[in-house]
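Asker: These are the residues of each chain, in order.
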Amino acid sequence: MGTWTWFHKLSSPPHFYRIAGKMIPWFAIPAALLMAYGLYAGLVLAPADYQQGDAFRIIYVHAPAAWLSLMCYSVMAVAAAVGLVWRIKLAHALAAATAPIGASFAFLCLATGSIWGRPMWGTWWTWDARLTSQLILLFLYLGYMALRSAYDDLGKADRASAVLAVVGIVNVPIIHFSVTWWNSLHQGSTVLRKGGPAMPPSMLIPLIACFFGFTFLYAALACVRVRAEVLRRERNAHWLKDLTAPRLGAQ
Amino acid sequence: MNDFLAMGGYGAYVWTSYGLAAIVLVWNIRSALEAHRDARHRAERALSMAATDAATRSM
Amino acid sequence: MTPRQKRLWTLVAVLVGLGLTTAVALKGFESNLQYFYDPSEVHGGKAPTGKSIRVGGMVAKGSVVREPGNLQVQFVITDFAESVTVKYTGLLPDLFREGQGIIAHGQLQDGVFMADEVLAKHDEKYTPPEVAKSLKKRHEGMGGSANAPASATTMEGTPR
Numbered sequence: 087m088g089t090w091t092w093f094h095k096l097s098s099p100p101h102f103y104r105i106a107g108k109m110i111p112w113f114a115i116p117a118a119l120l121m122a123y124g125l126y127a128g129l130v131l132a133p134a135d136y137q138q139g140d141a142f143r144i145i146y147v148h149a150p151a152a153w154l155s156l157m158c159y160s161v162m163a164v165a166a167a168v169g170l171v172w173r174i175k176l177a178h179a180l181a182a183a184t185a186p187i188g189a190s191f192a193f194l195c196l197a198t199g200s201i202w203g204r205p206m207w208g209t210w211w212t213w214d215a216r217l218t219s220q221l222i223l224l225f226l227y228l229g230y231m232a233l234r235s236a237y238d239d240l241g242k243a244d245r246a247s248a249v250l251a252v253v254g255i256v257n258v259p260i261i262h263f264s265v266t267w268w269n270s271l272h273q274g275s276t277v278l279r280k281g282g283p284a285m286p287p288s289m290l291i292p293l294i295a296c297f298f299g300f301t302f303l304y305a306a307l308a309c310v311r312v313r314a315e316v317l318r319r320e321r322n323a324h325w326l327k328d329l330t331a332p333r334l335g336a337q
Numbered sequence: 003m004n005d006f007l008a009m010g011g012y013g014a015y016v017w018t019s020y021g022l023a024a025i026v027l028v029w030n031i032r033s034a035l036e037a038h039r040d041a042r043h044r045a046e047r048a049l050s051m052a053a054t055d056a057a058t059r060s061m
Numbered sequence: 010m011t012p013r014q015k016r017l018w019t020l021v022a023v024l025v026g027l028g029l030t031t032a033v034a035l036k037g038f039e040s041n042l043q044y045f046y047d048p049s050e051v052h053g054g055k056a057p058t059g060k061s062i063r064v065g066g067m068v069a070k071g072s073v074v075r076e077p078g079n080l081q082v083q084f085v086i087t088d089f090a091e092s093v094t095v096k097y098t099g100l101l102p103d104l105f106r107e108g109q110g111i112i113a114h115g116q117l118q119d120g121v122f123m124a125d126e127v128l129a130k131h132d133e134k135y136t137p138p139e140v141a142k143s144l145k146k147r148h149e150g151m152g153g154s155a156n157a158p159a160s161a162t163t164m165e166g167t168p169r
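Residue numbers (the numbering used here), protein chains in the order written: chain C, 87 to 337; chain E, 3 to 61; chain S, 10 to 169.
Excised from the complex, chain C in its bound form (with noise of 0.2 Å):
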């Protein structure tokens, strides 16, 4: 099957309906596994930090809440754009199903974050160019979800939203570079950086991991999430018969 039929056939509501749902547990079972071993790692086999000691063990959530945060927003943008430019409901619907996955995320973000600055800076909050930025993320996700729920029409709340989720793609690339532009409170990144990781193995891997496991989770999640949309766009299709038949048959 050549590459094309194979999109085309992924893109008719009922296959996607289906591939998603099998896909579930291929992305759940690894999220599952990563994390359980990365916040175990990272809270027990890791070594303390020379400087911060135990409370350098915030990074095992902030990190990766943190790299969450941005990749949701990516997918979401591209996604809407296609979306707007194709007309492609499945990639509306693809955005609409990331917004409060990832808008958790920067929650998770922030306010770990705020619990690690506390007692390492001395403060719970301060306005330097990567939390303020990080915060805006967070107002974006938000304003996407309101500006969604104002419509009643699916497609009038899908266009109207797709263009908030691709203007906001410009603050993705001001948070990661906020450190480096600007002279910030907060430090660089500590895996993605010139000269390579900025942690030994016993540290890294488990950082890892997480990074992983919270990628796979985002995925099962969307999966799950991308399902509900397509069902609320077909809501009267015929192939939904056959997906509810037995259930119907049951009642």
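Calculated directly from the structure, the hints in this document are not laboratory data.
Treat the hints loosely; a few may be bogus.
To be verified - Keeping only pairs whose Cα atoms sit at most 20 Å apart, straight-line, the calculated SDA-like set for lysine to any residue is:
{"id": "1", "chain 1": "S", "residue 1": "K36", "chain 2": "C", "residue 2": "N257"}
{"id": "2", "chain 1": "S", "residue 1": "K142", "chain 2": "C", "residue 2": "P287"}
{"id": "3", "chain 1": "C", "residue 1": "K175", "chain 2": "E", "residue 2": "A41"}
{"id": "4", "chain 1": "C", "residue 1": "K175", "chain 2": "S", "residue 2": "R16"}
{"id": "5", "chain 1": "C", "residue 1": "K327", "chain 2": "E", "residue 2": "D55"}
Given chain C's structure and the hints, the job is docking chains E and S onto it.
Answerer: This is chains E and S only, laid out in the frame that chain C set:
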């Protein structure tokens, strides 16, 4: 064990962070499953209503 | 042009325009986006006087003087070119120590920075204590002391 919980004096900060992470993870899993279940129920209801409509009309 | 191509190019144009506008705006507000001034900027007259600012640098070795019996502390912060004396009364963050990057908020009065808040800035490097210790020992043995893991406390992420 107590040493482990104390986290070198940073126990409150470390455990609150992990606790928040647990809450966010559980919320994500539950709300995603809920969203799917709701959408499915709604689709079923819409379909059964359409079926009843068709049945009454044909009578 | 098909409608689809039209939409694509509109989107590209919007993104390019938006990117350029943002870049120009950020460049224009650059001084406001900087979180702190370093001692060289303070001496070069770039930091405004008579209003509250933040000054950041490394706590100079051997410069910390504590008043016995109260929380008053005085120290010198440096960017290895210039330095500023800081006076502060209050609790210091756990990471505060000599050789550590700190950021003080307050006002410059007669050449002394009167701080009302002192925050610690750490870098992106993490190391287990034993490794840090042995690295330091090795460096001291070789005659270089300042660049041991203590250099992990330089004001990283502050391009100048």
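Asker: All the hints need checking, so say for each whether the structure fits it.
Answerer: Checked hints:
no., hint, verdict
1, S/K36 - C/N257, "holds (15 Å)"
2, S/K142 - C/P287, "holds (18 Å)"
3, C/K175 - E/A41, "holds (16 Å)"
4, C/K175 - S/R16, "holds (16 Å)"
5, C/K327 - E/D55, "holds (15 Å)"
Hint check: no violations occur; every hint is consistent with the structure.
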